[in-house]
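Asker: Chain residues, written in single-letter form:
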Amino acid sequence: MAEQDWKTNRGVFAAVSLPTLLWVILFFLIPMAIVWLYSFGENKGLTEIDISGTLDNYKRATEWLYLTIFGKSFAVAALVTLICLIVGFPVAMAITFASEKWRPWLLLGIMLPFWTNLLIRTYALMMLLGTQGFANKGLGALWEGTSWIKTLVGLQPLPTWEPVQLLFNNFAVVFGLVYVHLPFMVLPLYAALDRLDRSLIEASLDLGAGHFRTIMRIVVPLAAPGIVAGVMITLIPALGAYLTPDLMGGTDSQMIANVIERQFKKANDWPFGAALSFLLIYAMFALIAIQSMRRKVPAVG
Amino acid sequence: MALFARAPIAPLEYSRTLWMRLWVGAVMVFLYAPLVVLMIFSFNDSKRNVVWRGFTTKYYEKALGNDQLVEALLNSLTIAALATVASLLLGAVAAVMLWRFRFPLKGAVDGTISLPIIVPEICLGVAFLMFFAAVGWPTDPVWPFNLGAITIAHITFCFPFVTMVVRSRLATFNREQEEAAKDLGASEWQVFRDVLIPHIKPALVAGALLSFTLSLDDFVITYFTSGPDTITFPVKVYSMVRFSVTPEVNAASTLLIILTVILTFVALKAQGVKAIAETH
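Chains as they are written, first to last, in this note's numbering: chain U, 1 to 301; chain Y, 1 to 280.
The shape of chain Y in the complex, shown without the other chains (with noise of 0.2 Å):
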């Protein structure tokens, strides 16, 4: 026992009880054991994926050997670098413009910018479908331009999100500096560059982690604008998964899980845990 109660448990240490340490382990056991379960499994020298017949990578070598599905993988990476760069820029202007202004219909901007966070995903897929074959949108012009349909649709599911970040960040913002660059002689231009965007840069390395892995993630509306030959990463995934389920998927997969994990470490280096915490 000695081992265990260094120190009585105070009434408020709930995470110390034993029945609380339980359940939280319970439920990351849950969280993880299907991902530990589909990465070791990408090593199993087996077609099928249910018994241990021996280590192998070569399923990594078929994955990384399947023409459609490294360009796949690059076709999610480009829209992925496309959309968060102009949500970023999006997003940020949005949100001075509600933190600064006030103006005509300010409350039905601001509802209407945070719209597309609460349509429901296949409601948005659904409408840009729509309208890309209303406007009769090229289906296939040469990469990266067969991206466009793909990328305008997740700029406009991933700005808002910015917009979020950066305008609770904004609310810290201390006028005063503003004042004083102002004073002292600085332009509009160059209050926003030198004291404006050094303040919210936390929340700008937050909004395009954020606006990455969202665009990245999303299959639905992807699935609703890809064209015949525009295929993205969860796109290809979900036909592998539709149709055959393969090793090859599990070696797909566990790279794309390590790709996040170093995504999240970066973050976690330039903000600490808590700041992103608070992001969501």
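Bound conformation, chain U alone (with noise of 0.2 Å):
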């Protein structure tokens, strides 16, 4: 049924429309616009900041340092969803085909972390990456399995076992956001493939393709749209990801999140902080106008 024109119940529009688009003005539009009106602005002794329309905060945000940064948050941004839509698929695929019994577990099973805190979780993995935590000990088992197997067949042993570093490094902050973010990819594609008509895959199985070729060939165009939301539900907040790179990162993981922090916890210059924010901000409409770009063109084939 068609829409109801606002003017022909202005008590009612009144009452459902006022409390949230004052709430969205207020405390949404009014905070949005003081950062960008900031990032236009200059530092004036300690507390003082003067907004004088100066372009200098985004030419400073072009210096070739904070373009690396900029560059490398994407970077660690696109791997992270790479990894999660690989380690993810398989997981979706198993949900969508279990039996009716399984399915409502599993779902469970992924939605749970979820739910639990973020920063619980990254606290509990660094415990087990730490040098002294379960995972340098389950290398290093395995490394003394190795040596062992070696001497055996006479072979001379692996140098003894040293603890690898596989906490606050570049390696911990792309391990963390997998880990972080694993679930937010498996529930939209889970979603997509849940929708899908069975009877095509298996058309395609009864006409002779293999498993993998149905995959790559049906499934996944067909699957498309979930999986675009996954990458996007995936890629945006891993690309603002503050958390992780502090606790997990070293010296040089820092993402772009941690250098907007700084500008306000530590060096206190807030208009090159906003200015940064609003280049982060930005980026994130980019993707989002190429994924609705995307989503406009007719699918050809």
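Certain hints may be false.
Here chain U is said to cover these stretches of chain Y; the calculated rule only asks that three of the stretch's residues, wherever they fall, bring their Cβ under 8 Å from a Cβ of chain U [as the list claims (entries may be wrong)]:
1) 53 to 63
2) 126 to 133
3) 146 to 158
4) 217 to 227
List time: in silico DSS-like cross-link candidates among lysine-lysine, alpha-carbon distance up to 27 Å [unchecked claim]:
5) U:K59 with U:K266
6) Y:K58 with Y:K47
7) U:K59 with U:K72
8) U:K265 with U:K59
9) U:K7 with Y:K106
10) U:K137 with Y:K47
11) U:K72 with U:K266
12) U:K137 with U:K150
13) U:K44 with U:K265
14) U:K101 with Y:K58
15) Y:K106 with Y:K62
16) U:K7 with Y:K182
None of these hints come from the bench; they were simulated from the model. Cβ coordinates follow ideal geometry from the N, Cα and C atoms, glycine included.
Two chains, two separate frames, one set of hints: put the complex together.
Answerer: Laid out in structure tokens, this is it:
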């Protein structure tokens, strides 16, 4: 049924629209506008900021140092998204084709970590990855095992195991982000695969295509909207991630959010931080624009 | 072999093939092993978290005896409760507005309402920091008013999720029910209360749960909006993790994980797994 024109029932329209609109203007648009204005300002003294319309903050953001951090953030986010997609796709497939009895429990298994506190999950992972943690012990045991097998067949044993640094480096950041964002990827993938017409897969298999070929040529194209959704839902928060690089990264694994935070909590350079924030927001908009453009292009083939 | 192959695996039973099972199993281990280890080691009788030295509950006593930690947890729960109630109200009426009415600039309003979901947390945090500084928000009034700034920030990023969930539920509403109620003499308010609200109730439950977890979970935005004397649980845990990793953090974390699991199961009882899954 058609929507009602707002003029036909002004009283009800005012009742349902004003609270939210006021809230959004007062506590979202105005704060964002303040950030935007400050990004054209400069520091005058310790607490005073003069909005002079200068573009210096944006000019500074295009310095090599900040460009590399932006580039690195994109690279890390893209890598994390790719790994999540590769790891998550079979899981989503398994959930889709699981029996009625198992499916809810598998879904729950994916969702429970999603609902668990992010900080706690990051901390738990840090405990596991530390130099004395279980990950290192496991690798050490593998190493000892290989060494033992080598001596068994008469070769020189491997040198003694040195714990590897699994934490406070770029590896840890990627690993941590994958750990945190995997459920974000699996759930939209599952939603898309669940809507798939199974007879198409059966037809493909009947006509002689193998499983891999069927997945690549039938399942993936049909589930493309879900894949795109999953990619966006993973990529956007990964790009703006603060906590994981802050706690698990080393000195060289700063992402853009960490640089923004530093402008406010340590360097006390609010205008520059505001400019970086808006650059990050523009980047998000660009990603979303690319995605919606893709959607409008009619699928060929 | 007879144990495994009760019936031959049909082509589409991907989840019954061995490598799929291994893959899913490995992913589950990946997701849960850190949490399980954390929970086990909260009972470890050792200052350092690495070697098992015997069972103890003394870190639970320590965590519960840590006034700051308990206060932070109470703050977090209060904020989450307040933010949930406000987000439900704002989110539900916004959904009704977008579903029922045609009005100028509708696309822009729709987009703006869902913007807080897309804008990175760090930018939202920065915006609130600047906003509250610019308006000269009082930093230390008495409890619970000192939580005002954080609660406002949380409502802003929680209610769009409620709108999203309620809207998709409203799409399945049969408007003839509304017309029937009106024909039978119900007022606008009665239709809302007795017809519409019962229909969107599952979405309200899901939205409430989503808001509560999102609020309880949030670190970044709270980190930027909290005053010097208002700490929430994630902010407190963050400083504990940052400066010294103690089993106390494990104990406190375990309590929160258990709370999450209980909340999830309450939601399952109310909703069923499938309905919850659809909200994401």
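Asker: Each hint should be assessed against the structure and marked as holding or not.
Answerer: Now the hints, each set against the structure:
no. : hint               : in the structure
1   : 53 to 63           : violated (count 0)
2   : 126 to 133         : holds (count 6)
3   : 146 to 158         : holds (count 4)
4   : 217 to 227         : holds (count 4)
5   : U:K59 with U:K266  : holds (21 Å)
6   : Y:K58 with Y:K47   : holds (11 Å)
7   : U:K59 with U:K72   : holds (19 Å)
8   : U:K265 with U:K59  : holds (22 Å)
9   : U:K7 with Y:K106   : holds (14 Å)
10  : U:K137 with Y:K47  : holds (19 Å)
11  : U:K72 with U:K266  : holds (22 Å)
12  : U:K137 with U:K150 : holds (20 Å)
13  : U:K44 with U:K265  : holds (18 Å)
14  : U:K101 with Y:K58  : violated (41 Å)
15  : Y:K106 with Y:K62  : violated (54 Å)
16  : U:K7 with Y:K182   : holds (19 Å)
Checked against the numbered hints above, the structure breaks hints 1, 14 and 15 and satisfies the rest.
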